[in-house]
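Based on the sequences and whatever the hints tell you, model everything.
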Amino acid sequence: TIDNWIIGFQPDFVCITFTSPTLKQTAEICNITKKLNPKIKIIVGGAHASFAPKSVLNDTKSDFVVMGEGDESIVELVNGKRADTIKGIAFRKNNQVIITKKRELIKNLDLLPYPSWHLFDIKRYKVSRLISKKHPVGPIETSRGCLYNCTYCSKVVGKTFRTKSAERVVDEMEFMLKIGFKEIHILDDMFSTDMKRAKDICDLIIKRKLKFPWNLRNGIRVNKIDEELIQKLI
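Here our numbering = 1-based position in the sequence shown + 182.
Think of the hints as simulated: they come from the structure by calculation, not from any bench.
Built from N, CA and C at the ideal position, the CB exists for glycine as well.
Fair warning: there could be bad hints in the mix.
Quick list of in silico lysine-lysine cross-link-like pairs, DSS-like style, CA-CA up to 30 Å [what the hints assert, rightly or not]:
| # | residue 1 | residue 2 |
| --- | --- | --- |
| 1 | Lys283 | Lys223 |
| 2 | Lys406 | Lys289 |
| 3 | Lys391 | Lys360 |
| 4 | Lys216 | Lys283 |
Here are the simulated distance ranges between beta carbons [said to hold, decoys possible]:
| # | residue 1 | residue 2 | range |
| --- | --- | --- | --- |
| 5 | Lys223 | Met377 | 40 to 46 Å |
| 6 | Glu410 | Lys275 | 43 to 49 Å |
| 7 | Asn261 | Ser310 | 33 to 39 Å |
Below, the structure is given as structure tokens:
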């Protein structure tokens with residue numbers, strides 16, 4: 183349970199990413215955390231928090247809200263940088279909500295480190311058999327942003343489309359397979375926005391003889407796929 187984890191681990195920070203339907207659960211986790219140890223700082227982020235930072239701070243016992251991409255903001259927070267000098271966050275000061283300047287998007291995604299998978303028990307990464315074939319399932323992000331304007335989408339990182347190179351993507355996939363993942367799920371808004379890059383990724387997987395089932399979790403637009411890509415994907 184959350185209680186046992188917090189008591190056993192004694193973290194300095196608890197970080198939560200959530201969407202609108204899980205706001206209530208996020209508030210409950212914040213309440214439990216602060217009740218067990220009020221000194222723990224709580225950082226929240228995700229789609230809902232990015233769009234409504236003020237209400238999230240008012241509706242939960244979180245200390246900081248990270249808006250948009252949190253790769254750099256969260257590092258600066260845990261390293262103790264003064265909050266009002268950190269871009270892309272919201273926090274309370276003198277009973278008022280302070281929202282700092284917007285943080286620029288990361289331009290070169292290849293510079294991002296791999297997730298620290300050694301800190302996790304990857305055997306617990308299981309997904310419903312409705313959308314997976316083998317366990318454990320490893321999530322990977324190969325691009326950020328989307329060029330389209332679907333009305334139901336949160337658009338947390340906007341329309342600026344940025345990618346990891348095909349080589350970086352397949353290197354990361356190969357690493358994931360070596361440490362024990364049996365299946366890989368791509369979490370991009372739309373994997374084939376750049377169809378040439380999508381085909382290059384497929385070609386490298388084939389060239390390296392990597393064998394694994396995969397899933398494009400958010401699907402592909404009908405105008406961004408052709409017979410050649412279908413054959414490479416399967």
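A quick look at each hint next to the structure:
no.: 1; hint: Lys283 - Lys223; result: holds (21 Å)
no.: 2; hint: Lys406 - Lys289; result: holds (23 Å)
no.: 3; hint: Lys391 - Lys360; result: holds (13 Å)
no.: 4; hint: Lys216 - Lys283; result: holds (28 Å)
no.: 5; hint: Lys223 - Met377: 40 to 46 Å; result: holds (43 Å)
no.: 6; hint: Glu410 - Lys275: 43 to 49 Å; result: violated (55 Å)
no.: 7; hint: Asn261 - Ser310: 33 to 39 Å; result: holds (38 Å)
The structure is inconsistent with hint 6 alone, although it conforms to all the rest.
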